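Chains as they are written, first to last, in my numbering: chain S, 1 to 560; chain U, 561 to 1004; chain G, 1005 to 1161.
These are calculated hints, taken from the structure and not from any lab test. Bear in mind the structure is a predicted one, so any value in this text is a computation, not a measurement. Just to be clear, a hint being listed does not mean it is correct.
[As the list claims (entries may be wrong)] A few chain G positions that, by computed beta-carbon distances, are all more than 10 Å from chain S:
| # | residue |
| --- | --- |
| 1 | 1013 |
| 2 | 1017 |
| 3 | 1018 |
| 4 | 1023 |
| 5 | 1040 |
| 6 | 1074 |
| 7 | 1081 |
| 8 | 1103 |
| 9 | 1107 |
| 10 | 1115 |
| 11 | 1151 |
[To be verified] Cut-off 25 Å, straight-line C-alpha distance, at most; resulting in silico cross-link-like pairs (BS3-like, lysine-lysine):
| # | chain 1 | residue 1 | chain 2 | residue 2 |
| --- | --- | --- | --- | --- |
| 12 | U | 973 | S | 95 |
| 13 | S | 141 | G | 1074 |
| 14 | S | 68 | U | 973 |
| 15 | S | 525 | S | 351 |
| 16 | S | 89 | U | 977 |
| 17 | G | 1121 | G | 1077 |
| 18 | U | 877 | U | 973 |
| 19 | U | 752 | S | 95 |
| 20 | S | 368 | U | 745 |
| 21 | U | 752 | S | 18 |
| 22 | G | 1026 | U | 745 |
| 23 | U | 977 | S | 68 |
| 24 | G | 1077 | S | 144 |
| 25 | S | 58 | U | 752 |
| 26 | U | 710 | G | 1026 |
| 27 | G | 1079 | U | 745 |
| 28 | S | 68 | U | 798 |
| 29 | S | 138 | U | 992 |
| 30 | G | 1079 | S | 141 |
| 31 | G | 1026 | S | 373 |
| 32 | U | 745 | G | 1074 |
| 33 | U | 745 | S | 373 |
| 34 | U | 877 | S | 68 |
| 35 | S | 368 | G | 1026 |
| 36 | G | 1077 | U | 745 |
| 37 | S | 57 | U | 752 |
| 38 | S | 138 | U | 973 |
We put the CB at the ideal spot given by N, CA and C, even for glycine.
Chain by chain, the residues:
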Amino acid sequence: MPTVIVNNKPIEIGASEKLNCIQAAERAGDQIPSYCWHHDLSVVASCRMCLVEVGDKKPDGTIVMQPKLLPGCQTPVKDGTVIISNSEKVLAAQKGTLEFLLLNHPLDCPVCDQAGECGLQDFSYKYGRGYSRLQEPKNIKPDKDHIGDQITLFTDRCIMCTRCVRFTREISGTAELQVISRGTHEEIDIFPGDPCNNKLAGNVVDLCPVGALCSKDFLYKQRVWWLKSKNSVCPGCSTGCSITVDQNEDVLYRLKPRENPAAQGSFMCDEGRFGWKYVQSDRRLTSPIARSKGETIAQDWESVLASLETAVKATATQKTGQFAVVISPWATVEEAYLLAKFARKANPNAKLALGNVRVDGEDDLYPKDVHGKPALPTKFTIRAEKCPNRQGVEAVLSHFAGGVVAFLTILDQIQKGEVDSLYVLGGDPEGWIRDEDLATLDKLKLLVVQDLLASPASAKAQFVLPGSAWAEKEGTFINHKGLAQAIHRGLRGPEGSRPDGRILFELLGRGGLFHAASLRQEIAKEIPALAAIGAGDLGEHGVLLSSAKTEVGSSPVVMA
Amino acid sequence: MSTFEPTLLARIGKPDCQLLETYQRDGGYEGFKKALGMAPVDVVNLVKDSGLRGRGGAGFPTGLKWTFLPKDHSGPIYLAINADESEPATFNNRILMEMDPHQVLEGIAISCYAIKSQKAYIYLRYEYGRSYRALKKAIEECYAAGLFGKNIHGSGFDLDVVLHRGAAAYICGEETGLIESLEGKRAWPRIKPPFPAIEGLFRKPTIVNNIETMACVKQILDRGADWFKSMGVPPDPKNPRDAGSYGPKLYCISGHVNKPGCVELPMGVTVRELIDEHGGGVWKGRKAKAVVPGGISMGFLSADELDLPLDFNGPGKAGCLGLGTAAITVIDDQTSMVDVLFNCARFFAHESCGQCTPCREGTAWMHKILTRIRLGEGQLRDLDLLNEVASSMGIIPGTTICGLSDGAAWPIKNAIKKFRSEFEEYIQTGRKSVKPSEALMVAH
Amino acid sequence: MAVLNEELRDQIRALFPNYPNKRAVVLPALHLVQDAQRYVSIEAVREIAELLELHPSEVHDTMSFYEFFKDEKHKLGKHRVWVCRSISCMLRGGEELLQHMCEKLHVHPGQTSADGKVTMEFAECLGACDGAPCVLVDDEAHMNITPEKADELLKSL
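Okay, chain S solo, but in the shape it has when bound (with noise of 0.2 Å):
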């Protein structure tokens, strides 16, 4: 295995990888500071933050350094690469560059949101000078706020790196971003009138180093260091991008992606990123009900809930087939599984269906070309099925069920009268149901709604379960390509809201509390196909289905 040597501490490296040496260093647990490199992004070497000096270790054992210093993101390693990245040279030359950049940095800390996440104040700290020598005016550059519809410009705070620039013209394939003008008076802008509001606009902002770019959604919102982050998986689309899901005192303020390399990669679209308002939308229900023709009879989880079982128990049960459970492609694994047990032990034969699946176009790849066509190779795409878990359901579906069921076809039967009693499990915030199917719903003797967002159908239902969004439980989303990945609690509901999981675990009448990885386990055992999620634990990254080399085929058979 090819060896490479930072600070004189040997670590070995794959025999086929290519490594730079800012990727060496991370590996031997040394930090060599840069900016304008990311490992998405064609490697320009500009920022020169991250000078090392670079050696070869001949075979004799003799080590030959290069005698000037190189940049760590051009010089790549090999067997036997020397990289030293504490010597005298490279500290001074790390001084020097922290101190031209921040030459003309306006001192704004106090009021930039980057301040707590901050590159420049990170390293400054870690290998700067600590004092400046500058007795000149600074430059002054006009703040840009016509920059995108999300995404503002404190152009005086930008060190020029081109992250956001090489971004538009290498991962969107889009171009809005340019750098004008020459030498110390260049600014990041926009071609007149063509602002940058491609739909993966926002991730100029993660990349810029600074508080340059900033996120207009965010922009004074919160300070950083308020914020807790807990790994989630955006329920957007089937890309199932990770991400970070940053909240305080339960109120969400942002999402980031989160690097996999098995999801989507380093970045999320702006529709994910930004479209997660209805979360704290006024129309969240937030109170179970309990109806009694027409009128509410209860509104506490203990009495609605045992209420709904003695409903269940009397008008579901009668008839075999008449019960019909709709599950949602945004329910999670575990919810799926739970619901499904739940309808088949009150009604053997209770039929279960898939919920609604939203498709939006076709899948939209990036870049594109200058004519707007998709360019390969595709580096990001953002699906047109808009939902996280299809394959999840449809999964817990086809065990059950031996197929699935679309919900088209229960609302078929509906109205034929063969179902009068249904359970929705809901989750999607544009709604399950279309405005000229709640007719039929009128047909049923009993309909329970368990979800996010109030509706014309749960208005009319005789149980509602006000459920909680994907931020606010745990549980299993499974992407286009069967890779698991597991989303977690990153912050209570409104009052009166109660985690999916949970409402279900209770109605299944099981003792402790609804636990997603113990869950996984006892899923993984009793459904083949989902073998792979029986770590408990999916990491990281998540676990493609795939691992588990299960004998059963993966796509489902859909029954019209």
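Got chain S; can you put chains U and G on it based on the hints?
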């Protein structure tokens, strides 16, 4: 020293010297014909044997550079001619292009043949309008005469020459800055590796050569490698890396002399000889305080360093960056070095491409400090600060992508070292430069 | 209404065969447009980008790198007169010459005279150090310019 018979400048000033007809009458394009009858690799070896080193400023052995091209490359291979000549005080390429364009074009044709390139791009700075028109006409003549185009002289060799005008940016004289500019982008020099010979213009193997170098190539084909090597300075035996300084060189003389101009001499002439015997001596009966030896990037020589030979090694011995463009500028003893250094700093702050941190911020910082000193508000510690800033910029410590930063830093370091007492006196007396107005002191 | 007429477009297109891709025509195209219209408007940049199959930002960022090209707010006069301010000209009175000419026309460098005839600019080394101080009128160099010669030059424009 005996009068030297010019070769590069031999035809300058003759009647109709720019026309193809007169050029061919003087034996023009015979060297190209000779080259077409040789194997390309033999032409490369001929140029290698001559000891020709690039005249653009870096002094890299030309023939050796040509061998860096990948063998058996499917092509295309490009020759990019650096006619961007923007180093202050340099004008020898202008004279060659304006007055003897065919000499340059013949050198280009020979070089293309040697490196198996069928396309040459001449990147010509915009401000050289006369050179543009002279070259344009000359190229048209060549096409009309079948010297450019398809199957030249029935040799099977095709050649196209494209004239491409710049837009007044010094950094386009850096070889990869030139390439980026030619490709239609911001002239941000590329990181190396890969070097242009492997991946250059349009990501194909490219050789970038200077105008005067091309003229030398023509002369070498006409007169031979031995002729070229018969003049100049052989390698310094103490320096194993020295490739010698051979051939005739065009030296530009400007500044405070009686006869500014361009003169052709064997490499190795001293500064003093250039000033006294060819430049008409320092003007107005004054003495020289300082001399820039090779374009301002190289730094300054003080009055007692004028016996330095101007070959590739000489200026380095006096702490200058190198020979550069071999353009000397004389500064008389009534001129303030503060004004001179300010002018240099302003130039580099204006021209820095802004890509990498030390140059972008360092050149602007040095300009601001010198502005303040010039306006009478300098402090003694500013001199040490300037030195420190200059020392942390440049390819020499390895902190920048290209050499503009070195060029910006060197005059600062030289001037403060060699003329420190003058700077100190200026600061301590709070002297202010009255002319020109502050509005004219800005870089951009 | 297109900003670039058919003649300009033809001139730009005529350059395509010289290069393996259209992007290399950015600089020549900008020159053609500025020479014809005395500035390069935002709309012109868009049309150049369309002709060259590039994003407008890819043309505009190149344009802004070279201070040579002016936008609609800085239209050039009929002639552009550059005075060199680099070392060799400075040593022989170049900066005073620039100041003199600017005062004559009542402009700062970069501005156009009131009658729209002349835009004064400072230039970095014009490569005419054998005739310092040098004045470049459009792209023709005039050497050994004294203040008197400069006045004559301005009058002749």
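Hints and how they fare:
Annotated as non-interface, residue 1013 (chain G) keeps its C-beta farther than 10 Å from every C-beta of chain S; the closest such distance is 18 Å. With a cut of 10 Å on Cβ distances, residue 1017 (chain G) stays outside the contact zone with chain S, its closest approach being about 17 Å. Listed as outside the interface, residue 1018 (chain G) is consistent with that label: its C-beta sits roughly 22 Å from the nearest C-beta of chain S, beyond the 10 Å cut-off. Interface exclusion of residue 1023 (chain G) from chain S stands, the closest Cβ pair being 17 Å apart, more than 10 Å.
At the 10 Å boundary, the C-beta of residue 1040 (chain G) stays outside the reach of chain S, the nearest C-beta of that chain being 21 Å off. At the 10 Å boundary, the C-beta of residue 1074 (chain G) stays outside the reach of chain S, the nearest C-beta of that chain being 13 Å off. Against the 10 Å criterion, residue 1081 (chain G) stays outside the reach of chain S, whose nearest CB is about 23 Å from its own CB. The Cβ of residue 1103 (chain G) sits about 23 Å from the closest Cβ of chain S, beyond the 10 Å cut-off, so the non-interface label holds.
Distance check for residue 1107 (chain G) against chain S: the nearest CB is about 26 Å away, which clears 10 Å, and the non-interface claim stands. Non-interface status of residue 1115 (chain G) relative to chain S is upheld: no Cβ of that chain comes within 10 Å, the nearest being about 18 Å off. Listed as outside the interface, residue 1151 (chain G) is consistent with that label: its C-beta sits roughly 31 Å from the nearest C-beta of chain S, beyond the 10 Å cut-off. About 20 Å separates the Cα atoms of residue 973 (chain U) and residue 95 (chain S), which keeps this hinted pair within 25 Å; it holds.
The hinted pair formed by residue 141 (chain S) and residue 1074 (chain G) meets the criterion: a straight-line CA distance of about 20 Å does not exceed 25 Å. A threshold of 25 Å between alpha carbons decides the hint, and for residue 68 (chain S) with residue 973 (chain U) the separation of about 19 Å falls inside it, so the pair holds. With a CA separation close to 23 Å, the supplied pair residue 525 (chain S) and residue 351 (chain S) stays within the 25 Å bound. Note on residue 89 (chain S) and residue 977 (chain U): the hinted pairing holds, with a Cα-Cα distance of about 23 Å set against a maximum of 25 Å.
For the suggested pair residue 1121 (chain G) and residue 1077 (chain G), the alpha carbons sit about 16 Å apart, so the restraint of at most 25 Å is met. A C-alpha spacing of about 15 Å is found between residue 877 (chain U) and residue 973 (chain U), which places the hinted pair at or below 25 Å, so the restraint holds. Our distance criterion of 25 Å between C-alpha atoms is met by residue 752 (chain U) and residue 95 (chain S), whose separation comes to about 24 Å. Between the alpha carbons of residue 368 (chain S) and residue 745 (chain U) the distance comes to roughly 20 Å, so the proposed pair stays at or under 25 Å and holds.
Our distance criterion of 25 Å between C-alpha atoms is met by residue 752 (chain U) and residue 18 (chain S), whose separation comes to about 18 Å. Of the pairs offered as hints, the one joining residue 1026 (chain G) and residue 745 (chain U) holds, with about 12 Å between alpha carbons and a cut-off of 25 Å not exceeded. Using a Cα cut-off of 25 Å, the hinted pair residue 977 (chain U) and residue 68 (chain S) holds, with the two alpha carbons roughly 24 Å apart. Taking the CA atoms of residue 1077 (chain G) and residue 144 (chain S), the gap is near 19 Å; set against the 25 Å cutoff, the hint holds.
With a C-alpha separation of about 24 Å, the suggested pairing of residue 58 (chain S) with residue 752 (chain U) holds against the 25 Å cut-off. For the proposed pair residue 710 (chain U) and residue 1026 (chain G), the alpha carbon gap of about 23 Å is at most 25 Å, so the pair holds. Note on residue 1079 (chain G) and residue 745 (chain U): the hinted pairing holds, with a Cα-Cα distance of about 23 Å set against a maximum of 25 Å. Distance hint between residue 68 (chain S) and residue 798 (chain U) is fulfilled; the C-alpha atoms sit about 23 Å from each other, no more than 25 Å.
For the hint pairing residue 138 (chain S) with residue 992 (chain U), the CA-to-CA distance comes to about 22 Å; that is within 25 Å, so the pair holds. Simply put, residue 1079 (chain G) and residue 141 (chain S) have alpha-carbon atoms about 23 Å apart, close enough for the 25 Å limit, and the pair holds. At most 25 Å may separate the alpha-carbon atoms for a hinted pair to count; residue 1026 (chain G) and residue 373 (chain S) meet this at roughly 19 Å. For the proposed pair residue 745 (chain U) and residue 1074 (chain G), the alpha carbon gap of about 17 Å is at most 25 Å, so the pair holds.
A hinted pair counts as satisfied when its Cα atoms are at most 25 Å apart, and residue 745 (chain U) with residue 373 (chain S) qualifies at roughly 23 Å. Between residue 877 (chain U) and residue 68 (chain S), the direct Cα distance comes to roughly 21 Å. Compliance with the 25 Å bound is thereby established for this hinted pair. This hinted pair checks out: residue 368 (chain S) and residue 1026 (chain G) have alpha carbons roughly 18 Å apart, not beyond 25 Å. At most 25 Å may separate the alpha-carbon atoms for a hinted pair to count; residue 1077 (chain G) and residue 745 (chain U) meet this at roughly 23 Å.
At roughly 23 Å between alpha-carbon atoms, residue 57 (chain S) and residue 752 (chain U) fall within 25 Å of each other, so this suggested pair holds. Our distance criterion of 25 Å between C-alpha atoms is met by residue 138 (chain S) and residue 973 (chain U), whose separation comes to about 24 Å.
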